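Peer 1: One line per chain: the protein sequences are A and B, in this order.
Residue numbers for the first sequence follow the working numbering, beginning at 280 and rising by one.
Residue numbers for the second sequence follow the working numbering, beginning at 280 and rising by one.
In case anyone wonders, no lab produced these hints; they're calculated from the structure.
A portion of the hints provided could be inaccurate.
[Stated by the list, open to error] Cβ pair distances, simulated, as ranges:
id : chain 1 : residue 1 : chain 2 : residue 2 : range
1  : B       : Pro497    : A       : Lys440    : 40 to 46 Å
2  : B       : Ala567    : A       : Ser363    : 33 to 39 Å
3  : B       : Ala281    : A       : Ala281    : 39 to 45 Å
4  : B       : Ala281    : A       : Asp581    : 43 to 49 Å
5  : B       : Ala567    : A       : Lys561    : 50 to 56 Å
6  : B       : Gly570    : A       : Ala281    : 38 to 44 Å
7  : B       : Arg622    : A       : Lys440    : 57 to 63 Å
8  : B       : Met280    : A       : Ala281    : 42 to 48 Å
[As the list claims (entries may be wrong)] Some but not every residue of chain A turned toward chain B, in silico, with C-beta under 7 Å:
id : residue
9  : Ser294
10 : Glu298
11 : Leu334
12 : Gly379
13 : Leu539
14 : Ser672
Here the structure is a predicted model, which is why all the values come from computation and not from measurement.
No residue lacks a Cβ here, since even glycine has one placed at the ideal position from N, Cα and C.
Number of protein chains: 2
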Amino acid sequence: MALNLAKRMAFLKASEIREILKVTEQDGVISFAGGLPAPELFPIKEIEETTRIVLEKMGTKALQYTTTEGYAPLREWIADRMNSRLGTSFDKDNILITHGSQQGLDLSGKVFLDEGDVVLCESPTYLAALNAFKAYNCQFIEIPTDEYGMRMDVLEEVLKKTARVKFIYAIPTFQNPTGKTWNLERRRQLAEISARYNVAVIEDNPYEELRFEGEAYPSVKSFDKTGNVLCAGTFSKIFCPGFRIGWMAGEKELIKKYVLVKQGTDLQCNTIAQMTIAEYLKKYDIDAHIGRIVKVYKQRRDVAVACLEKYFPDGVRFTRPEGGLFTWIELPPHISARDILTRCLEQKIAFVPGGSFFPNEHKENTLRINYSNMPEERIEYGLKIIGQIITQSLS
Amino acid sequence: MALNLAKRMAFLKASEIREILKVTEQDGVISFAGGLPAPELFPIKEIEETTRIVLEKMGTKALQYTTTEGYAPLREWIADRMNSRLGTSFDKDNILITHGSQQGLDLSGKVFLDEGDVVLCESPTYLAALNAFKAYNCQFIEIPTDEYGMRMDVLEEVLKKTARVKFIYAIPTFQNPTGKTWNLERRRQLAEISARYNVAVIEDNPYEELRFEGEAYPSVKSFDKTGNVLCAGTFSKIFCPGFRIGWMAGEKELIKKYVLVKQGTDLQCNTIAQMTIAEYLKKYDIDAHIGRIVKVYKQRRDVAVACLEKYFPDGVRFTRPEGGLFTWIELPPHISARDILTRCLEQKIAFVPGGSFFPNEHKENTLRINYSNMPEERIEYGLKIIGQIITQSLS
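Hey, can you work out the whole structure from these sequences and the hints?
Peer 2: Here's what the structure looks like:
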């Protein structure tokens, strides 16, 4: 007789991405599926040097338990960086170190969500955020987006008529999965609506420092006068994901609530990882490092966009992202990206069909392409074949 | 206007231990409060060497994302070790790497608990497990313990008359907070009752390898014929806690459910930490290392027990643990350990009052003493003063 599990286990599904990623671990697969940074850009030598310093100077501290809040010098660095970029006036007590920004999403669910509560999100939105929130038995209402970002008129309509909205989840810059960026006005409006309706905003910003061109817009948090906006950040994309170090930033009273739930969740983040990153930030120039990443990803974006124009048939629409890791493709409505994927996998090419990025009404004619993880010639080879398969399916 | 939070935020409290630990970060404090391993025993040089090897040989892999399940060679090592100690026949797919064993408890809550479900536990039990489970809005029923472990007659009575019991949480070896160990018969009975009532057991075993003397009993899992028993394990006590690497072990179908909830929770554990531990286990003799830890902790346990006998007044009862990190003290019923703590803190001596280790009926005349984290002379000095303060409060 099977054990009796929690209700949530009936509707939690394995992330399609993680399942496809397992396929892509085979040799020779060309994968546009993950959100993986380019490993050849990881500062391995510098990390080796930094780890050595941390262990020699502070080894017993680095290997011991620390506080739930996280390593103070790292929290101070994050606060300073956010202050200079966002115009906030944070100190370390505005920052909780999390196990990647993904944990910031899980903790947001724990802090805010009861069964039956409502989360508002962009349509489409980050798949693993849906999974994080869904574990708290919430419902989703998708707010449509246009070329300027989330539709604020629809958002207000929904807020007016919907009880139990706990927060609005948004990725305003180089969104996952679409690669789109909200304009200034929408950012200002979201902060204003959040204040007016007394609803929290979880602003997820993993990609914002990876801008290739164009003007950088202020964060939604920059316009927040009430303290209703919380920011999720991460070192995964600007440094490396293996350490699993991210953060939640916000008003101190709210961050205290996050600290409280993190205590029971996993006590604290990896001590040595936090200290190694803090030492790296002291010793090396992270902006120069980010500059190198941006340069490479821009070239790969350029190749990807050129290939989409060259090899993809008319009637296919796609994003030209100004930064980040992804472009998003919309096929004609009758074409299923899952069918295209099946045929691509036969040729050892992988991507993620877009359907599962929609919490409610899956648009199966969409797909997400990651361009950060492979050299240009493989991007070109892979996109050429995907383009051919789509062309065949249209004829 | 304050934001509307989840119901659980009204009854989650900061862990008293973590709050006291903040006090103990001041210089010169003698602390029996934490569950901290002795940092002077951390194999710092070996970890430095191992990290260097991992970064030089497999740097790009070590700093990249990996699978939710965890690094395969580490999972294989854990499966082999459990097989040789427990008589199980695990392979890597029976093991999920978790962010410390604490995360194993949180994920257990997510896999099993709906609001209003019931968790059965020892009375008293590990405080942070209560916090982990409580976040899923469960209730607790405490099962009393005697010198042989959890009272199985009471457990059965409760199971007969209680609906919605989802699991029994137990720490059968060198229990936290009491330092007590269940006998063989109780272990066998728990597995048998778990099968008969089709209820899961979460067997938490962070201390079992730290045995100073006496016979080692088989794990409850050793007697499990149905697959209802899940084991939480950790490298925190036998290696070092700073890496935050633990595991959940159990039947493959159940572990798959844990993998599913871990995906949304934080994607995966720290990659380089997993690879560093795996490399250490290949290159060095962890049993020799554990032997060194056991030798030191045994001396400290000896000093602690001798001091309790020498300096503590009649009418005070305490455990003589055969291993692990803690002893547990019961004062006469009218004495509050919180009052004793207040007076001890004035003399810069800290411990954890026992009340919060009881989920429902706090017994305030109890306290937990950790003896693993300080040299013998500080243990003696501190316990002498605590003994004096208790003696004064009795007169």
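Peer 1: Could you run down the list of hints and mark each one as holding or not?
Peer 2: Results of checking the hints against the structure:
At roughly 60 Å, the beta-carbon separation of B/Pro497 and A/Lys440 lies outside the given 40 to 46 Å, and the hint is violated. Between B/Ala567 and A/Ser363 the Cβ separation comes to about 50 Å, which falls outside the hinted range of 33 to 39 Å. A hinted range of 39 to 45 Å holds for the C-beta pair B/Ala281 and A/Ala281, which are about 42 Å apart. Look at B/Ala281 against A/Asp581: about 48 Å separates their beta carbons, and that is inside 43 to 49 Å.
Take B/Ala567 and A/Lys561: their Cβ atoms lie about 36 Å apart, and the range 50 to 56 Å is violated. For the hinted restraint 38 to 44 Å between B/Gly570 and A/Ala281, the CB-CB distance of approximately 42 Å keeps it satisfied. The hinted window of 57 to 63 Å between B/Arg622 and A/Lys440 holds, with their beta carbons roughly 59 Å apart. Look at B/Met280 against A/Ala281: about 46 Å separates their beta carbons, and that is inside 42 to 48 Å.
Hint status for A/Ser294: holds, given a least beta-carbon distance of 5 Å to chain B, under 7 Å. With a cut of 7 Å, the hint placing A/Glu298 at the interface with chain B is violated, because the nearest CB-to-CB distance is about 10 Å. Among the interface hints, the one on A/Leu334 holds; its C-beta lies about 5 Å from the nearest C-beta in chain B, closer than the 7 Å criterion. Interface hint at A/Gly379: satisfied, since its Cβ lies 6 Å from the closest Cβ of chain B, which is below the 7 Å cut-off.
A distance limit of 7 Å between C-beta atoms decides the matter here; for A/Leu539 the minimum to chain B is near 5 Å, and the interface restraint holds. Against a cut-off of 7 Å between C-beta atoms, the interface hint on A/Ser672 is violated, since the closest Cβ of chain B lies about 31 Å away.
When the structure is compared with the earlier hints, violations turn up for hints 1, 2, 5, 10 and 14 and for no others.
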